[in-house]
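Model the placement of chain R on the given structure of chain C, informed by the hints.
There are 2 protein chains.
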Amino acid sequence: MIEHPAFDVEPWCLRETQLNLDVLAQAESVFALSNGHLGWRGNLDEGEPHGLPGSYLNGVHELRPLPYAEAGYGYPESGQTVINVTNGKVIRLLVDDEPFDVRYGELTSHERMLDLRAGVLRRRAEWISPAGCGVRVSSTRLVSFVQRSVAAIEYRVEALDSPVRVVLQSELVTNEQLPAPNGDPRVSAVLEEPLRSEDHAGGGLRAMMVHRTQRSGLRVGAAMDHVIEGPPSMQAATESFADLARVTVTTTLEPGQVLRLVKFVTYGWSAERSLPAVRDQVVAALTGAVKTGWEELVHEQRAYLDDFWERADVELDGDPGIQHAVRFGLFHVLQAGARAEGRAIPAKGLTGPGYDGHAFWDTETFVLPVLTYTAPQAVADALRWRHSTLPLARERASQLGFKGAAFPWRTITGAECSSYWPAGTAAFHINADIAHAASRYMNATGNERFERDVGLELLVETARLWLSLGHFDSHGRWRIDGVTGPDEYSAIADNNVYTNLMAQHNLRGAADAARRHPQQAGQLGIEPPELDAWQAAAEAMLIPYDERLGVHPQAEAFTEHQAWDFAATSAGQYPLLLHFPYFDLYRKQVVKQADLVLAMHLHGEAFTDEQKARNFAYYEQITVRDSSLSACTQAVMAAEVGHLALAHAYLAEAAFMDLEDLEHNTRDGLHIASLAGAWIAVVAGLAGMRERGGALYFCPRLPDDLTRLAFALSFRGRRLRVEVTHEEAAYGLLAGDPLELHHHGQTLTATAARRASAPIPPAPDPGPTPSQPPGREPTPR
Amino acid sequence: MIEHPAFDVEPWCLRETQLNLDVLAQAESVFALSNGHLGWRGNLDEGEPHGLPGSYLNGVHELRPLPYAEAGYGYPESGQTVINVTNGKVIRLLVDDEPFDVRYGELTSHERMLDLRAGVLRRRAEWISPAGCGVRVSSTRLVSFVQRSVAAIEYRVEALDSPVRVVLQSELVTNEQLPAPNGDPRVSAVLEEPLRSEDHAGGGLRAMMVHRTQRSGLRVGAAMDHVIEGPPSMQAATESFADLARVTVTTTLEPGQVLRLVKFVTYGWSAERSLPAVRDQVVAALTGAVKTGWEELVHEQRAYLDDFWERADVELDGDPGIQHAVRFGLFHVLQAGARAEGRAIPAKGLTGPGYDGHAFWDTETFVLPVLTYTAPQAVADALRWRHSTLPLARERASQLGFKGAAFPWRTITGAECSSYWPAGTAAFHINADIAHAASRYMNATGNERFERDVGLELLVETARLWLSLGHFDSHGRWRIDGVTGPDEYSAIADNNVYTNLMAQHNLRGAADAARRHPQQAGQLGIEPPELDAWQAAAEAMLIPYDERLGVHPQAEAFTEHQAWDFAATSAGQYPLLLHFPYFDLYRKQVVKQADLVLAMHLHGEAFTDEQKARNFAYYEQITVRDSSLSACTQAVMAAEVGHLALAHAYLAEAAFMDLEDLEHNTRDGLHIASLAGAWIAVVAGLAGMRERGGALYFCPRLPDDLTRLAFALSFRGRRLRVEVTHEEAAYGLLAGDPLELHHHGQTLTATAARRASAPIPPAPDPGPTPSQPPGREPTPR
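So the protein lines, in turn, are chains C and R. So for the first sequence, our numbering puts the first residue at 11; every next one is plus one. So for the second sequence, our numbering puts the first residue at 11; every next one is plus one.
Note that these hints are calculated values from the structure, not bench results. Heads up, some of the hints might be wrong.
[To be verified] Covered stretches of chain C (in silico footprint by chain R; criterion: 3 or more residues with CB under 8 Å from a CB of chain R, positions within the stretch not fixed):
| no. | segment |
| --- | --- |
| 1 | 76-83 |
| 2 | 366-374 |
| 3 | 430-440 |
| 4 | 492-504 |
Please read all numbers here as calculations on a predicted model, not as lab measurements. No residue lacks a Cβ here, since even glycine has one placed at the ideal position from N, Cα and C.
Bound-form chain C, shown alone (with noise of 0.2 Å):
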């Protein structure tokens, strides 16, 4: 956890009033400023002392071989893993010769404010040289969301009680050294020097330097140029190499007086453009931000915030530690995928390096959702992205066997790069989650074009895939046998009941699109056998369900399964992967994260109330949350049964998974997905939200401890405002034509004129509140 006491709880910042060395790395990944195409963690701007120093370009990777003591076919040979690319954020200050160092001298105050609003990272510091010597350091650093090459830094020296001579030196700089990995393979693979000087130039108060990767063969350019002002006395010079640019500024500053630099930086990158395209790309991207001015942007940025906020807030009343927790989230979730355009939105957003920097998952199943009902734009082009590696996914069935297209478990360009297939190769449930969040965005915009030139053809293929995978077994029931599901402490086995339902899923959502557009259909080779066959597996589906138990066993046998010995695990062994074998994982009722619980939110309509219930409270006692992607979707499920104490807990888990780093691992990055499931937690959890057929329904109810929830969502073009109390619940459309809903199964039509309001209905009875594993109970608020 981090201990932080010096994180305010403050409704729309997180600020940091204390500066604690311990948990640098924590905080840098806090306070990452991203687009979803060029990231910046939150470094000191004098470079060091640092945890981590990173500055990542969505899409920029290093290839290294995979090793394998024992091959196998069909494994991948070659890995992906994200670099640090030349570092644009280091403005070092020299006062009277001695390096600005908050290691040395006495720093007598220093805070950090991370402006959600405003989308930029504040730091104030007043420090006394070890010389005496007194100066009082600003910075405010964005990352732009509406340019999104690039990032400015306004970074403003003061001297307090004498004269003090400064030195500034922006920078470029290119293959920090970085730390030692710690053994942990959740961390990157450290690559030291990943990249090779192509060019590099110097020139007023201007430099450019452009990189090669080595194996991968990326070209990455960068480019900076200043705004100075300050004393008559100040001079500048301009000096560039291979891996450094540096932008020297001296000047002599008497009590009060300012000197303000404001550092433009510009990236690009591409696999295919020559070294002088790359060049002028970025000088070009330099000029334009240059012309806009540092006022210009920060004001952009404000505007697009602003309008982000008012389709996207989130408000909760009665737990301010959450409001500030869901806001935060929300604001790495859209930093992460704002403006991903063509690339993939990793698992750590650009604010780390953990997980090598792949995409996974939680992508499409966490953080699509959120942005579906608030930055829909961004869905688009994250499943653009999905199918713009359709080649590659198809080559990959095609390796493995199968028909249409497989996707891979964890990437960077799309192709598969995990190693360990059990919980990769074989979790084939990405693909029905990528056509679920196909469908889901369709559904929320009725955005037929994207339907006919991309969605499609995401249903269609990953249909083929699931037809090749299943089969009709000697009682006429369609079989999904020796895959994985999300939970990953079992594996390889039949008939999970999260896959083969949103298999189901995806089987009929490919008919009914291919129905809906028989042009494209046909283009697609589709001839009505096929959708016959999907239509014929989708509805012999086989769901195992224990009887004797009544509930349904995550996957065939699963509950004839030993219980883990949980009376026997000390704290000290969980997360359990790292002190037991998968072998004895697998082989056991121990659940990593949500499974039976997650098809219970995405395919409620397969189960009864009673079966819910009683599936929640079976599958609460094995769970053990050792993955971050399980309290939101527990979040979800204990709501909707009626535990909603447990939900607010889970929510709050979800929530402060990074702010707390209560897996010990954000250091190397943020949980996105975790950040976005609080969202979830409150919008799927509390407000009950579910989105059937192009409807939606509500069933909100709010715990005790909070008194008021309201929201807004994008949908259809509207812009709906729901808000809650323990009393009733309120819907008006901000904008767009009439929309009917559903509240506790009353159909309610909300009109931008007038909102419809409903009361909430008694809860009935939930029962007992069902127990976790000793240790593993979620934290109640």
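Just chain R, lined up with the frame of chain C:
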């Protein structure tokens, strides 16, 4: 397949009458000599050309890291690989300064012959040098069964038509260059220059060198001495270097004159002993060998083998090819196990570096059954080796979270070296296989002291493992979930029938042995409740059965899985593991090697005759025999259910595995278990021998083409001789007290004085001959 028309079929030898350089490596494996402690591949005396030079000392290995792109708890980090030790075989010949190399000049004749009765490899060649000088070279090589650290060569060179100057260089060569690996994971990882020189010396006709491995820290000594006879002009000199020692003999031979050199080579190694100790050990053995002399070494060897063949020979009339191959196999099984003493019997014996020189379950399941009845002391030694590794096996069990001992899937020292757990760690059946081998040995020998000192503890520690691996389900059935059975095209399945039956036997055997030896049981901490728990688990063991099909699924739900699409699988796609992902192999009904069928062989009492017939036919259709550990078992069960021609064909496949290079990897060493399987196919198959409760049961029945089968067996102090024709079987004792045995349900008593004979009852109609996957039918005899 070895395209080797030059292998002659002779009852007692393997003769090659022509040298085919294309199959040199395969021939080196086939002509390998070994005594289980020391092994020399059948490389040409002059060292080159070679397929793969190989000199091995059982247990001498180097460590190598096992890499994982994604690590996991309990994955072994260090592997072991057999190394090529100092080559003492090399005798180079120069003829008028031209090296004798079969690739140059004219090889007018070349014959090699492995003499199975003499236990020597003979070679005769006539060669005309590029300059036109003719010589006759003959050599006889042996690795002594009697003096386990000794090998020797008699080498003769004779001038043919004109006088020739000859130079012989007899060498010890360390760190030979090996061919680069071919990427097949079954081949040993090549380790370059594994040995570092510690000492060397030479003088007279003698030389010695000591080396040490770098990571495993093993000290390896080799020494040679010579006796030379030739014309008076003969001169000799000796040199020694770090990695080379050389005795050079020069003379001029008149036509008809012979230079004869006898080379004695000894080896020794130790992980513990000092340099002087190892040096003295090899020199002492050398002195002993020289004192014994060549003729006596040859004589001892013959006597050792005469005794073996008297106890072990199999006569098979009607199929000379199989007669030949079965003896060839028996000879190599003896070579693999005879003097392993305190070390494992590797899958390839000491004939090549395949599978890194590791021992697997093959040893206990296929090799030890043969040795149990033909060379039982070797079985006691092999099981004492397993017993000596109990501390490592206990540590492994504890690491995995289980009780008792978990023996490694593959190893040289006893430490787990398997890096792919679904087909390694999860294949827990190896523990029951070891227990079963111990029970079989004890039943066949009545060796009480072994049972007390070794067998009991092996049974008890494996029974403890099983008890911690399984559990009672809510129906009161005892389940073993998530394990891998013998068939490597399935993995991580519930209630594998083979595993559960073997575990049941293991649990019962441990309880019985503990009751027989209460004092030793007490020392092992066994209290009555533990015995009761073993019994209870054994009684309640779940054996799945598919009522609808009337067959046993190999593991639960197996018969519900999709059928493999054999029609769409081309001949070039075998072995399937090189062309399809494990993911798909595991989830479909396709069997690499006998699994349920092996269960029917080893635990026939658990199946009715009708079930055996149906099961056999069912699994025949889906078994592809991509493993060499299958044909023999299919032969056994084909014979039992009455398909005698099929049994004959499978017997042939097992027996010709290496002579015809059926798996295309004989170059890396022989398939010792398959060669053992040929004996099993004859004795357990054609003669239908089973041992139950310390009694022997026979159900002999010959295929049409075989007219007579006779073999000897050692059993409880007797030497039994069985002779079978189509009409009757006769059971005689060569030595020992009368023995009661069972013939087709009839009880007979064999005595030394009189053979008991009984007619073969008419065969019941076995129904239609089962079919195999297209293209995977065994070649009919």
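Results for each hint:
1. 76-83: Our answer is that it holds, as 8 residues pass the Cβ test (under 8 Å) against chain R, meeting three.
2. 366-374: Coverage by chain R is violated here, the residue count being 0 at a Cβ distance below 8 Å.
3. 430-440: holds (count 5)
4. 492-504: holds (count 5)
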